[in-house]
Amino acid sequence: MDPITTSTLCIGGIGLASAAALAVAEKYLSVPQDPRIGKVTEMLPGANCGGCGYAGCADYARAIVADNAECNLCAPGGPACAQAIAAFLGRAAAAMERRVAIVLCCGDDTEALRRAAYNGIADCAAAQATAGGDKGCAYGCLGYGSCARVCPVNAIRIANGIAKVDKALCIACGKCVAACPRKLIKLVPAAAEIHVLCSSKDKGPAVKKVCGTGCIGCRICTKLADGAITMDGFLAVVDYAKPLTNEETVAKCPGHCIRKDAPPPTPNS
Amino acid sequence: MKPEAPSDLLVISSSPHAHCGESVTRIMLDVVIALMPAFAMSLWLFQWQALRLAAVCVAACLLTEWLCRRAMRRASSLSDGSAVITGLLLAFNLPPALPTWMAVAGSVFAIAVAKQVFGGLGYNPFNPALAGRAFMLISFTGAMTTWSRSPWIQKVAYAAGSATTQATEVAVDAMTAATPLGFAKEALKAGAPMPLFSDLALLKDFFLGNVNGCIGETSAAALLLGAAYLLIRRVITWHIPVAYLATVFAYAAILHLVAPGTSLPPHVHLLSGGLLLGAFFMATDMVTSPLTRRGMLVFGVGCGVITMLIRTVKTGAYPEGVSFAILIMNAFTPLINRATRNRVFGTKKECARS
Amino acid sequence: MATIPSPHTFRGGIHPAYNKALAAAAPIRELPLPARLTVPMSQHLGAPAKPVVKAGDTVAGGQLVAEAAGFISAPVHAPAAGKVVAIEETLTASGRACAAVVIETAPEQVWQPLPTFPEWRFTDAKQLIEHIGAAGVVGMGGAGFPTRVKLSPPSDKPIDTVILNGAECEPYLTSDHRMMLEHAAEIRIGAEIIRHILGARSLRIAIEDNKPDAIAAMEKAFQDTDGDVAVTVLRTSYPQGSEKQQIFSVTGREVPRGGLPMDVGCVVENVSTAFAVFDAVVNGRPLVRRVITVTGDAIAQPANLLAPCGTLYSDLVAACGGVAGQAAKVISGGPMMGFAVSSLAVPTGKTASGLLLLSPKKISDFSSQACIACGRCVDACPMRLSPAELSQCIEADDIDGAEPLALMDCIECGSCAFVCPARRPLVHHMRRGKAVVMARRAAAKKTP
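Protein chains in written order, with our numbering: chain Y, 9 to 277; chain C, 4 to 357; chain L, 78 to 525.
This is chain Y alone, in the form it adopts within the complex (with noise of 0.2 Å):
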């Protein structure tokens, strides 16, 4: 037999015995699986972000159908997903709003002050535990772009020395929340536009000491806002339960932290 023949026989031969090895072994050794979680796998959207709080879409997936887990986690799935899997187990449909990280701190390099010259590698707790970091204000954001390293769909990006999240592209996962070590991230809901982009404790004069964009705690806004906004201490916090749609508290705020979102883009543009 010529060598082309013998190793045609061979490698054809090895690859037909593997192929019967594993018919058999899907025949016999296959794990009993409830078939609804194969589909409900396919109905989630399968980007394992782990923001439901569990290991992957399988696993989550596993967890509604076997462990009757609330079907309305999903963050990237929003409410069509939620509801496609309870009308397919035949569940109630549980209500649920889109929600998005926000980063609380719009102290960029325009307006906010380093007080020291940071040398070091490019991690804001790396950061934080380096002489307390370099951000002149101690609650305002590094910009060493922890979240966006962490960020399953880079939603966030590090523009003039903050972090800043992509409503759009946002899955809510909370993977940002939970790596930002000075707490600036939150999830809100979608639909809120207005914010106080500042999470900075200390009094007036001392953030107007360190930042041109802080809250002063002057509590104007906490008088438009209809209850919407109260004060945590010297901060202006939004209460996100209620809506908040005055636009005067954008305008009347004297730190400039109230803002409001762009609009989206339009589709078609």
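You may find that some hints are simply not true.
[What the hints assert, rightly or not] Rough simulated footprint, nothing fancy, chain Y against chain L, three-plus residues with beta-carbon under 8 Å: (1) 167 to 173; (2) 408 to 420; (3) 437 to 448; (4) 500 to 508.
[Said to hold, decoys possible] Think about it this way: if two alpha-carbon atoms lie no more than 16 Å apart in a straight line, the pair counts; the simulated EDC-like pairs of lysine to aspartate or glutamate are: (5) Y/K209 x L/E166; (6) Y/K211 x L/E166; (7) C/K351 x L/D486; (8) L/K511 x L/E480; (9) Y/K217 x Y/D117; (10) Y/K231 x Y/E256; (11) Y/K172 x Y/D117; (12) L/K127 x L/E166; (13) L/K297 x L/E263; (14) Y/K175 x Y/D269; (15) L/K131 x L/E181; (16) Y/K268 x Y/E201; (17) Y/K250 x Y/D234; (18) L/K438 x C/D11; (19) Y/K268 x Y/E255; (20) C/K351 x L/E331; (21) Y/K260 x Y/D234; (22) L/K127 x L/E144; (23) Y/K209 x L/E165; (24) L/K160 x L/D134; (25) L/K439 x C/E25; (26) Y/K211 x L/E165; (27) Y/K216 x Y/D117; (28) Y/K183 x L/D474; (29) C/K351 x L/D340.
[Claimed, not checked] Going by beta-carbon spacing under 8 Å, a handful of chain Y positions derived as facing chain C: (30) R122; (31) A124; (32) A125; (33) Y126; (34) N127; (35) G128; (36) A139; (37) D142; (38) K216; (39) K217; (40) V218.
Treat the hints as calculated values from the structure; they're not laboratory data. Backbone N, C-alpha and C fix where the C-beta goes; we use that ideal spot for every residue, glycine too.
Since the structure of chain Y is already known, use the hints to place chains C and L on it.
Same frame as chain Y, but now just chains C and L:
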């Protein structure tokens, strides 16, 4: 409105705040300096051919490095000097008459494929210059094994020819394509007696580099001078070269004792081919060699054994095995690193128990 | 009493430029009492102390202002008499914020001493330990481990050797050196108190061979001490002052991984800590002040100052003639393990052994390049780790890969980063990796 910033910000960084002052660029500069004696000898021996190859390889390496970094949108890495070394080492590993375009092709392969594809200096698993050479050896086999004549040829032909007429024929064949090792391999395959190179005048030729071979590898004296510089400057440690050379010597000595008729004496093995260049300048490439001293010893021994296997196994195609030996051991480096980690301080008892 | 060369030397280590001549010849000078002291509640390892005074209170010097808040903690005393004006947050040298008792010092100083034990040789060890704890004595070499804890090993861990750490291997720093020269007799008594408490047979005074005058001073002070006492002369090598490396150099014993010196029958105490023990037991003075070396090429007159704990760095700089030229980096401690601070408005503490001001030309830039696997960090690591591999794991966020490479055994001595030709911030990577592991362990403990 931004508040006014203090004028001089203090630098904050993690400890330590002191540094010994050493840098990658300085290390690369030292290697270039250490290669200069061998380069000078190659200029003397091969004249403008050596200058042509070195200039072409270094220029092509630098240009390729610059283009790759640009294409990858990374910071330029020309200033670290590693591309200069790759170019020089590649040129040193080429026969004098090699066409220029081949040298360019090898340089481009060395930098683009063997180095930048992996992410640049520090990430390349194989020594770029050797990968370039292996690529050329396989692609341009003929040109890579054609050696220009040197006065050395006549002497060997004479030395061997005095033994038998058959050997003279081999020697005459060898005149067109023979390095000392190439000659030995031909003799081995033909079953002809080995030239013993016991003539002192021949040994002197080996030391000065008056033998056929790649432009930078022939002069043992110049290479040893450069190696001494690297050792004194502590750019390299003794572990890899000594383990490598000792293994080659021991292997060759045993072989020569068992079969003196079909093998070269150990000192000839040490002095011929690219062994000294490889042991001191290429096996010691930091990126592709192990981290620990013990790992370096293992690496050196492995290089030595593979080199001698390639050189002395009769059925093998190549007369010389330094390049492939080092490349093969490069592949084992991560494994050696895993296996030869130092015993962590405070684990003495654990070791004794297990 | 004998003087012996150290029988071993740990493997690895480095030889940095020591630059000790700047301040070594300057005798200890007492800092004039600052008008305001910012006394941090966290001057030691463990839980920060809990303040027991409030704004408006008048305190006497040596009066307790904060009590220990746990087993691993230490009380804090007023370094001087005055009025508590505020209890506010301050940034400490290590970069962490903690509460501080701010005292406006009074022109008339009243002192409230602790009880004294002149007959300590006949005093029960337990009573002495309690007293040393109540005096707020902590390790003054850098870590600030409460001395009370160190002096009370469990009964199944007998201590046979007390090592007095006078290595002071950090470049630039000379405070321990000056203490050995000027307070040898007090250090000796402190050492003997420690030895008495622990019932240890042997006492070793470990000093590097680059301080011959300190060796001579210690030889003289200890010459008529009973029992197995010796000055062990260490080969000058950084980090000889590190506890584990020093125990190995002096006794040849290796503290097991994750273990403590008491696991090999040793206790290591800094010479300044021995002085503090003496001061607490014999003079009834709590640990409220220490010698701090103010040095560097950007300080006008390098000095060794005896300053109250809670003095702002700006006061120290002013007392040394101010900044010479431009200070580009201010380091609390030495250049190998000290902390860079972002301003001089940081208070000293019990562990602050030095303040280093460096000019722009003296600071090293750690502009990280890729690792070229030269293996120099592997040779330099006194813990025999592989910083090259560890840092690459951590850089790639592969903390699970770094942990089995003995990440947690790193002592952060800085030898690896010092020798790295690619100028990789190796210690910074280690710190980050260790912090992640610690956070994970803490989380795992919370949710069993």
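Below or equal to 16 Å on CA atoms is what counts here, so check L/K160 against L/D134.
Given that 16 Å is the threshold and the Cα spacing comes to 6 Å, the pair holds.
task = Take the C-alpha atoms of Y/K250 and Y/D234, compute the straight-line distance between them, and say whether it is at most 16 Å.
result = holds, 9 Å
If you draw a straight line from the CA of L/K127 to the CA of L/E144, is it 16 Å or shorter?
holds, 5 Å
- prompt: Hint check: is the beta carbon of Y/G128 less than 8 Å from a beta carbon of chain C?
  reply: holds, 5 Å
Has the given pair, Y/K216 with Y/D117, been kept, meaning a C-alpha gap of at most 16 Å? Holds, at about 15 Å.
Grab the minimum C-beta distance from Y/K216 to chain C and call the hint holds if it beats 8 Å, violated otherwise. holds, 7 Å
L/K131 and L/E181: Cα distance at most 16 Å? OK: L/K131 and L/E181 at ~13 Å, within 16 Å.
*Does Y/N127 pass the interface check with chain C, least Cβ-Cβ distance below 8 Å?*
Cβ of Y/N127 sits 4 Å from chain C, so the hint holds.
TODO: Measure nothing beyond the straight line between the CA atoms of Y/K209 and L/E165; if it is 16 Å or shorter, mark the hint as holding.
DONE: The given pair, whose Cα atoms are some 14 Å apart, holds under the 16 Å limit.
Y/K268 and Y/E201: Cα distance at most 16 Å? The hint holds at about 5 Å.
Restraint check for C/K351 with L/E331, where alpha carbons must lie at most 16 Å apart: Between C/K351 and L/E331 the Cα gap is close to 7 Å, so the pair holds against 16 Å.
Discussion item. Using the nearest Cβ pair, does Y/A125 come within less than 8 Å of chain C?
Written reply: It holds, given that the least Cβ distance between Y/A125 and chain C is near 5 Å, below 8 Å.
Checked against the numbered hints given earlier, this structure breaks none of them.
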